[in-house]
Amino acid sequence: MTRRRQAITFVALCVLLVTAALLLNISWIITNAGSVPPLVFGVVTFGLIIAGLIVYTVFLVLEIRRNEEHDTFINAVTHELKTPIASIRLYLETLQAREVSDARRREFYDVMLADADRLHHTVDQVLKAGAVRARRHPARAPVDVGALARECVELAVARHHLQPGAVALETPDSSALLVSGDTEELRTVVTNLLDNAVKYSGESPRVTVAVAAPAPDTVWIRVQDRGIGIPKKQLKRIFNRFYRVQARGLRQIKGTGLGLYIVRTIARAHGGRVFAQSEGEGRGATFTLELPRLTPQ
Amino acid sequence: MSRVLIVEDEQHIADGLRFNLEAEGVDATVARDGEQALDLLLGGHDIFDAVILDVMLPGKDGFTVAGELRAAGKYVPILMLTARGRPEDVLRGFEAGADDYLPKPFELAILLARLRGLLRRRQWNEQAEAGETSRNDSYSFAGRTLDFRAMEVHARGKSHRLTQMESELLRYLVRHAGEAVSRGTILEEVWGLHEETDTRAIDNFIVRLRRYLEDRPSSPKILVTVRGVGYKFVRPDETA
Numbered sequence: 001m002t003r004r005r006q007a008i009t010f011v012a013l014c015v016l017l018v019t020a021a022l023l024l025n026i027s028w029i030i031t032n033a034g035s036v037p038p039l040v041f042g043v044v045t046f047g048l049i050i051a052g053l054i055v056y057t058v059f060l061v062l063e064i065r066r067n068e069e070h071d072t073f074i075n076a077v078t079h080e081l082k083t084p085i086a087s088i089r090l091y092l093e094t095l096q097a098r099e100v101s102d103a104r105r106r107e108f109y110d111v112m113l114a115d116a117d118r119l120h121h122t123v124d125q126v127l128k129a130g131a132v133r134a135r136r137h138p139a140r141a142p143v144d145v146g147a148l149a150r151e152c153v154e155l156a157v158a159r160h161h162l163q164p165g166a167v168a169l170e171t172p173d174s175s176a177l178l179v180s181g182d183t184e185e186l187r188t189v190v191t192n193l194l195d196n197a198v199k200y201s202g203e204s205p206r207v208t209v210a211v212a213a214p215a216p217d218t219v220w221i222r223v224q225d226r227g228i229g230i231p232k233k234q235l236k237r238i239f240n241r242f243y244r245v246q247a248r249g250l251r252q253i254k255g256t257g258l259g260l261y262i263v264r265t266i267a268r269a270h271g272g273r274v275f276a277q278s279e280g281e282g283r284g285a286t287f288t289l290e291l292p293r294l295t296p297q
Numbered sequence: 001m002s003r004v005l006i007v008e009d010e011q012h013i014a015d016g017l018r019f020n021l022e023a024e025g026v027d028a029t030v031a032r033d034g035e036q037a038l039d040l041l042l043g044g045h046d047i048f049d050a051v052i053l054d055v056m057l058p059g060k061d062g063f064t065v066a067g068e069l070r071a072a073g074k075y076v077p078i079l080m081l082t083a084r085g086r087p088e089d090v091l092r093g094f095e096a097g098a099d100d101y102l103p104k105p106f107e108l109a110i111l112l113a114r115l116r117g118l119l120r121r122r123q124w125n126e127q128a129e130a131g132e133t134s135r136n137d138s139y140s141f142a143g144r145t146l147d148f149r150a151m152e153v154h155a156r157g158k159s160h161r162l163t164q165m166e167s168e169l170l171r172y173l174v175r176h177a178g179e180a181v182s183r184g185t186i187l188e189e190v191w192g193l194h195e196e197t198d199t200r201a202i203d204n205f206i207v208r209l210r211r212y213l214e215d216r217p218s219s220p221k222i223l224v225t226v227r228g229v230g231y232k233f234v235r236p237d238e239t240a
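Chains as they are written, first to last, in my numbering: chain L, 1 to 297; chain H, 1 to 240.
So here's chain H without its partners, still in its complex pose (with noise of 0.2 angstroms):
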């Protein structure tokens, strides 16, 4: 669940912003002003996906929060909101750090669907990065290399084409190495389909993936089977 920080000292907008994104299945919590969002925001957790951030606030304004926290190092996605819509009011929202400028009155509409812009491209780039090695080029171990991008799979002295879903399904695992993947992860966050499709298709994904790169197809020790839940990928020099 993604978690929205809203800084809004106006009670109604911020009860009306939160009443709205929790029925979008987001988290919200609301500060009243500047210090207490810096309070919240510079804590040490980053447990923030996104910010509203109102810019007229008592004390510390928008503008002076969004370029503190940009000057502390929090690229927090900040989506600024304020009566003030004047051309330089925008630009002044951007240079002190905004990620997108909304005036009021706004759209309910538009304002949640630059919200999710923020959140998933957020959730874009932290894939990009956990996923910086293996998205890139390719992946070696033990003798064996996935290259994601030509799609092929050279093991034992063989090389194979890899369809879009299996090289997909190859790229999850190896990025989540050593963790349990359950199948319903596999189908909505790595296929985009939907949940209630029917899970063994994944199985015959396995099974052909393992010719390719076990040893012992049949006694698998690099893709295998997490009773229950789904498959991991285990580095074999770990197994050793």
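Next up, chain L with everything else stripped away, as it sits in the complex (with noise of 0.2 angstroms):
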């Protein structure tokens, strides 16, 4: 909020100097309107001025608007840390100091359980973002996309406890569909897509995830979901780190901001995209990765 007023005095401030270096400008050329050599040195000066001026400004509002993400990213992170070992903690102690029937007890072990693997995964988060910020060129070996595909559906299904027919998979008849790249990592970007597709699809998810090839030497994976889906102006900064959508009925779901980041910089680091879309709020997302085909030599 105080970050809103500070850039938006930043930016008053850029075009108050900017109009000044103007009238100056406009005043120069009026009192050197006979001979050409300071008029031009003028003139160029000036233009200089206001250009760096106007680059100034775009950079300082820019590192604001960073800043802001970083402190809602300490916050979120904070709490995601926090909450679980809260948790862990309260029943531990709980065990410790009362008398637990063996039914209470088998259930406090199954939340504390859920609560040490959302630590792991915040924690995984954060260090992978990290890992794949400071390596931008990713082992290579062929991965065969439907393969892959169908292991993370998979894995999706088992880990967040969903009816076996929520998550549909189409995958090409012909033959196996390869692309160069890290095995592990493009299982990350396809685990963080379906990861978000469940959490924003509310109580009974339907995902589709279609692998197919559009162009000879494109391969796409695509997740959609029926969910709450996304605002269109946001559909672009999404993919920005620490970045949250931001729109009503959306503050029960909670995250890193983290997620879509490492989806976009390994699939840049594998010479690919990935592009969002949505019709708008609560009609859904589709989330396309593309990347280019490895064909048999």
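Watch out, some of these pointers could steer you wrong.
Chain L is nowhere near these chain H residues, computed Cβ spacing over 10 angstroms in every case [what the hints assert, rightly or not]:
no.: 1; residue: ALA23
no.: 2; residue: ARG92
no.: 3; residue: PHE106
no.: 4; residue: THR145
no.: 5; residue: VAL226
Listed next, the in silico EDC-like pairs over lysine to aspartate or glutamate satisfying Cα-Cα at most 20 angstroms (straight line) [as the list claims (entries may be wrong)]:
no.: 6; chain 1: L; residue 1: LYS82; chain 2: H; residue 2: GLU107
no.: 7; chain 1: L; residue 1: LYS82; chain 2: H; residue 2: GLU88
no.: 8; chain 1: H; residue 1: LYS74; chain 2: H; residue 2: ASP46
no.: 9; chain 1: L; residue 1: LYS236; chain 2: L; residue 2: GLU290
no.: 10; chain 1: L; residue 1: LYS254; chain 2: L; residue 2: ASP124
no.: 11; chain 1: H; residue 1: LYS74; chain 2: H; residue 2: GLU88
no.: 12; chain 1: H; residue 1: LYS60; chain 2: H; residue 2: ASP89
no.: 13; chain 1: L; residue 1: LYS254; chain 2: H; residue 2: ASP203
no.: 14; chain 1: H; residue 1: LYS158; chain 2: H; residue 2: GLU214
no.: 15; chain 1: L; residue 1: LYS254; chain 2: H; residue 2: ASP33
no.: 16; chain 1: L; residue 1: LYS82; chain 2: L; residue 2: ASP71
no.: 17; chain 1: L; residue 1: LYS233; chain 2: L; residue 2: GLU279
no.: 18; chain 1: H; residue 1: LYS74; chain 2: H; residue 2: ASP61
no.: 19; chain 1: L; residue 1: LYS82; chain 2: H; residue 2: ASP89
no.: 20; chain 1: L; residue 1: LYS128; chain 2: L; residue 2: GLU184
no.: 21; chain 1: L; residue 1: LYS82; chain 2: L; residue 2: ASP110
no.: 22; chain 1: L; residue 1: LYS254; chain 2: L; residue 2: GLU69
no.: 23; chain 1: L; residue 1: LYS254; chain 2: L; residue 2: GLU281
no.: 24; chain 1: L; residue 1: LYS82; chain 2: H; residue 2: ASP15
no.: 25; chain 1: L; residue 1: LYS232; chain 2: L; residue 2: GLU184
no.: 26; chain 1: L; residue 1: LYS199; chain 2: L; residue 2: GLU151
no.: 27; chain 1: L; residue 1: LYS82; chain 2: H; residue 2: ASP61
no.: 28; chain 1: H; residue 1: LYS232; chain 2: H; residue 2: GLU166
no.: 29; chain 1: L; residue 1: LYS254; chain 2: H; residue 2: ASP61
Worth flagging that the hints you see were computed from the coordinates, not collected in a lab. All C-beta atoms in this analysis are idealised placements derived from N, C-alpha and C, irrespective of residue type, glycine included.
Reconstruct the complex from the two isolated chains, following the hints.
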């Protein structure tokens, strides 16, 4: 909120300075109307000053915005780390201090396991975000995209305790589609997209994962959900580091804002890209990972 | 039994807290977000003795909930609970109207102790309000004056000094005038003794107090025996 005000102040200051520079420039032109060399020199200098001012302000505002996103990230991560720790602690202390029936005890163990998983997931995301940033050139090996997608779907169904039909997988019947890359990293990409699809789908997720070759030299992995969707204006920004979609009804869903950033970084390192489509809020979202196809020699 | 409202959207923590509060003999209710909490707390009856309030809630956050409660004139004690433990967050919590603040992860024993502290203080405040008239100075009726501060009774032209226990018993009975007060209550609430103490000790105290106050101690009109329960204080002008 205060950051927003800060940004507005700097933009206003920039407009003011640019206007002042323009006025000076005009008066310079008028006073030196006769002689060409000082006229050219003055106009070029003023042009540079104005361009510099604008560039400077743009960078400043971008930096302010990034700072804001970093703040939300710190808050989100603090929450995501401390909440499961608080929960595990609470249950351990309860088990230590009180008489607990066997049924309850087993229930408590399940709760603590779920919290440990959540903690692990958060730590994993943070570490991965650092790792993919540092490593621009992934290991290269042929990866069968269809098999990878199948594996990820099975894993997601098991991990989120989904109905067997909740995630549909469509793979081409023809020969395997291969890409060149790091299996582990590509698995992270598909898993992150699947986790998001489930997370933003509410009570009963229905997700479709499609593997296809839209052109002879490209491969698509599409993850489509029928969940809460994404406002059109934010379709690009969601891949930014720490960025979290802002919309009503989304407040309940917690995360670090790292998942899609990891996806984009890995996609780019593999010479591909990732993009999102959504008809708007409440109408689902489709994420497409596009990778260069490895054609057998 | 105390009633506590837990406002927490993390189901695991809410369930764990409820289990522990219930094990402590506290009646616990869980609200999953700020709106639900405000509905419960602003709904007319002040049924909750304390609130455990998480800050990071979906919708209205804990600061807002506390602020709106105080703005509405509800002063139920609030124990704020949050992952954000920076000094500015703590200050913001207190400014919003929290009575106590605990960062997550918390120690269960500390949380329970602080909650008990809040409940106790609320009880004290209630007693102070109820006993405003009698606690501060004295209480007069039908030509008799009970001076609780000096621990003296002035009645029928004579003065008697009261012992601490006599004074406390008399004050309690006066505060609950017209109500039957059981012997157990007198032992536990008034004197802080164990309930299994011989209740006939009370009878001796009553006999002495009657001697100070009653016109005819053998047929009491002020400190009346309620058969099978205990005693009650009756203002003489009410009996007339």
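Tested hints:
Consistency note on ALA23 (chain H): stated as away from chain L, yet its beta-carbon is not over 10 angstroms from all of that chain's, at 6 angstroms minimum. Its beta-carbon lying about 13 angstroms from the closest one in chain L, ARG92 (chain H) satisfies the requirement of being farther than 10 angstroms from that chain. Not every CB of chain L lies more than 10 angstroms from the CB of PHE106 (chain H), the least distance being 7 angstroms, so the non-interface label is violated. Annotated as non-interface, THR145 (chain H) keeps its C-beta farther than 10 angstroms from every C-beta of chain L; the closest such distance is 51 angstroms.
At the 10 angstroms boundary, the C-beta of VAL226 (chain H) stays outside the reach of chain L, the nearest C-beta of that chain being 39 angstroms off. Pair hint LYS82 (chain L) plus GLU107 (chain H) holds up; C-alpha atoms about 13 angstroms apart against a cutoff of 20 angstroms. Note on LYS82 (chain L) and GLU88 (chain H): the hinted pairing holds, with a Cα-Cα distance of about 18 angstroms set against a maximum of 20 angstroms. In summary, the hint linking LYS74 (chain H) to ASP46 (chain H) is supported, as the alpha carbons are separated by about 8 angstroms, within the 20 angstroms threshold.
Distance check on the hinted pair: LYS236 (chain L) and GLU290 (chain L) sit about 16 angstroms apart at the alpha-carbon level, within 20 angstroms; holds. For the hint pairing LYS254 (chain L) with ASP124 (chain L), the CA-to-CA distance comes to about 16 angstroms; that is within 20 angstroms, so the pair holds. Between LYS74 (chain H) and GLU88 (chain H) the CA atoms are separated by roughly 24 angstroms; this puts the pair beyond 20 angstroms, and the hint is violated. Taking the CA atoms of LYS60 (chain H) and ASP89 (chain H), the gap is about 16 angstroms. The hint holds against a cut of 20 angstroms.
A threshold of 20 angstroms between alpha carbons decides the hint, and for LYS254 (chain L) with ASP203 (chain H) the separation of about 64 angstroms lies outside it, so the pair is violated. In summary, the hint linking LYS158 (chain H) to GLU214 (chain H) is supported, as the alpha carbons are separated by about 12 angstroms, within the 20 angstroms threshold. Among the hinted pairs, LYS254 (chain L) with ASP33 (chain H) is consistent with the structure: their alpha-carbon atoms are about 14 angstroms apart, no more than 20 angstroms. A C-alpha spacing of about 16 angstroms is found between LYS82 (chain L) and ASP71 (chain L), which places the hinted pair at or below 20 angstroms, so the restraint holds.
Using a Cα cut-off of 20 angstroms, the hinted pair LYS233 (chain L) and GLU279 (chain L) holds, with the two alpha carbons roughly 11 angstroms apart. For the given pair, LYS74 (chain H) sits about 17 angstroms from ASP61 (chain H) by alpha-carbon distance, which is consistent with the 20 angstroms threshold. Using a Cα cut-off of 20 angstroms, the hinted pair LYS82 (chain L) and ASP89 (chain H) holds, with the two alpha carbons roughly 15 angstroms apart. For the hint linking LYS128 (chain L) to GLU184 (chain L), the alpha-carbon distance of about 11 angstroms falls within 20 angstroms, and the restraint holds.
Note on LYS82 (chain L) and ASP110 (chain L): the hinted pairing holds, with a Cα-Cα distance of about 18 angstroms set against a maximum of 20 angstroms. The hinted pair formed by LYS254 (chain L) and GLU69 (chain L) meets the criterion: a straight-line CA distance of about 15 angstroms does not exceed 20 angstroms. Of the pairs offered as hints, the one joining LYS254 (chain L) and GLU281 (chain L) holds, with about 18 angstroms between alpha carbons and a cut-off of 20 angstroms not exceeded. As the CA atoms of LYS82 (chain L) and ASP15 (chain H) are separated by approximately 17 angstroms, the hinted pair is consistent with the 20 angstroms bound.
At most 20 angstroms may separate the alpha-carbon atoms for a hinted pair to count; LYS232 (chain L) and GLU184 (chain L) exceed this at roughly 31 angstroms. About 19 angstroms separates the Cα atoms of LYS199 (chain L) and GLU151 (chain L), which keeps this hinted pair within 20 angstroms; it holds. Only pairs whose Cα atoms come within 20 angstroms are accepted, and LYS82 (chain L) paired with ASP61 (chain H) is accepted, the gap being roughly 17 angstroms. A threshold of 20 angstroms between alpha carbons decides the hint, and for LYS232 (chain H) with GLU166 (chain H) the separation of about 15 angstroms falls inside it, so the pair holds.
Using a Cα cut-off of 20 angstroms, the hinted pair LYS254 (chain L) and ASP61 (chain H) holds, with the two alpha carbons roughly 14 angstroms apart.
This entry does not satisfy hints 1, 3, 11, 13 and 25, going by the numbered hints stated previously.
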